[in-house]
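Modelling step: build the complete structure from the supplied sequences, incorporating the hints.
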Amino acid sequence: MRVKLFALLITMSWLMTGCNDEAVLQRSVFVNDPQNPGLPKYSEVGYNTFGAYYDRLAFTSSEVVPIKVIATGGNTSFKLIGTRASREMAITLTLVGFSAEKYSDLLALDNVSLDLKDSDNAIAIEDESTEESAQILNGTFHFKRAQHVLVDAQPVAIVLSGTFEFQALVNGEPITVSNGRFDVGVGTDNFFAF
Amino acid sequence: MLCMCAWAQDTRTKRVSVELGFDGIYGIPNDEYIRAEASYYGEAEKDLEGLSYRRYIGIKGEVQTLDNKFGLSCGLRYTYLNSSLGRPSYYSSSSDFFYFLIKQTENSIEYFKVKEITQSSHYLGIPVEVNWYPFMENFLTCYFKASAEVGYRVSTKTTVAFVNREMNPLQDAVTDRFEEPRNVMSTMGASVGVKIGKSKKVAFTLETGPWGYLNNRTSGIVDLKGGFGIQFNLHLVL
Numbered sequence: 000m001r002v003k004l005f006a007l008l009i010t011m012s013w014l015m016t017g018c019n020d021e022a023v024l025q026r027s028v029f030v031n032d033p034q035n036p037g038l039p040k041y042s043e044v045g046y047n048t049f050g051a052y053y054d055r056l057a058f059t060s061s062e063v064v065p066i067k068v069i070a071t072g073g074n075t076s077f078k079l080i081g082t083r084a085s086r087e088m089a090i091t092l093t094l095v096g097f098s099a100e101k102y103s104d105l106l107a108l109d110n111v112s113l114d115l116k117d118s119d120n121a122i123a124i125e126d127e128s129t130e131e132s133a134q135i136l137n138g139t140f141h142f143k144r145a146q147h148v149l150v151d152a153q154p155v156a157i158v159l160s161g162t163f164e165f166q167a168l169v170n171g172e173p174i175t176v177s178n179g180r181f182d183v184g185v186g187t188d189n190f191f192a193f
Numbered sequence: 000m001l002c003m004c005a006w007a008q009d010t011r012t013k014r015v016s017v018e019l020g021f022d023g024i025y026g027i028p029n030d031e032y033i034r035a036e037a038s039y040y041g042e043a044e045k046d047l048e049g050l051s052y053r054r055y056i057g058i059k060g061e062v063q064t065l066d067n068k069f070g071l072s073c074g075l076r077y078t079y080l081n082s083s084l085g086r087p088s089y090y091s092s093s094s095d096f097f098y099f100l101i102k103q104t105e106n107s108i109e110y111f112k113v114k115e116i117t118q119s120s121h122y123l124g125i126p127v128e129v130n131w132y133p134f135m136e137n138f139l140t141c142y143f144k145a146s147a148e149v150g151y152r153v154s155t156k157t158t159v160a161f162v163n164r165e166m167n168p169l170q171d172a173v174t175d176r177f178e179e180p181r182n183v184m185s186t187m188g189a190s191v192g193v194k195i196g197k198s199k200k201v202a203f204t205l206e207t208g209p210w211g212y213l214n215n216r217t218s219g220i221v222d223l224k225g226g227f228g229i230q231f232n233l234h235l236v237l
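Chains W and L, in that order, are what the protein sequence lines are.
0 is the number of the first residue of the first sequence in numbering that gives the first Met the number 0; add one for each residue after it.
0 is the number of the first residue of the second sequence in numbering that gives the first Met the number 0; add one for each residue after it.
Everything labelled a hint here was simulated from the structure, so no lab data went into it.
Since no wrong hints were added, every one of them can be taken at face value.
Straight line, CA to CA, 30 Å or less: simulated DSBU-like cross-link-like pairs of lysine-lysine:
#, chain 1, residue 1, chain 2, residue 2
1, L, 112, W, 40
2, W, 143, L, 112
3, W, 67, L, 102
4, L, 197, L, 68
5, L, 102, W, 40
6, W, 40, W, 101
7, W, 101, L, 102
8, W, 143, L, 102
9, W, 67, L, 112
10, L, 112, W, 101
11, L, 199, L, 68
Below is the structure:
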């Protein structure tokens, strides 16, 4: 019995070690920003983190899947998944008319700045499974950089990095999202087109 | 000069020794371009193995004071220094890998999957040692030593073990990211030793103790600080 248990432990640890290494590029690396406590420092290397102050409280990325990109019906949505004050939360930006068939199409977003007030693009805020559309008062969403990630000369993901901030009405309540920044990888496991 | 002057005095004890040593070396891996498993909070805590050691062999001469309480020795030493990133132990290679950042352009980040980076250097050096023999001679006689060494780097080779062997021709893309080690290294240390036997002609000694580098960039891939090891000596009394 002891031998079986030992063998099981060895096998499990071997499998876990192997899985961890394969997933290193998908892991989140949170480098604290001393200028903006609680938020990750702005980076452009695919650290799989984002953060913003949502009404002065830090809203930061989930360690597991910080972003899902969903392309459907001729639109593409970017769902930033994280927590705020220990509550699950998500902010979704939908680019109306931007259709990505595969994740590498996101490279077209390199240095694209969106004025959220003067466009058809939409923001939705999900708090504890309740999703509400936000009526944008003002704000911008800037994809500063879109980069291919190549491993051993093979493309494996796209890294999107940039900043965002806006003011909006959610359920008639005015809110401010400020100092937003993101540095996230999008690959086959978190890009969905249907 | 001191050695040579003392050597001329016939009444002093003079010894010629052959030394052999092995040291484990403590260092901080240079992981600036490495994306490895890291804790969620902070890139500074990468789970990356960095292992360094040195082996050396040398010959030296020693002259002792008239009362045989102190000895001054000087000689020539060949040192092989090995540093590695990703190697988990002295005896085995890694089965894991890390990502090495080759370059970042306007629209791309390029990594190689690397199992291990190894850098080996060969040095010729001059060790200078002061020995203190405070105890009466017995079968096992304890003594103490302060030592220093200046070494010149004769050659260095850096090799990369890729996960994908097709990348082997691109070794330079990785090695060029690291600085060359300095040409000259210097160390200082202290140790305690034990002389075995009471022979007047032949003596064996075994020493152990810490030492530290007096300069940085002794290795290009690990920031070496110092080490701890053992030294075996065979002495012939002249």
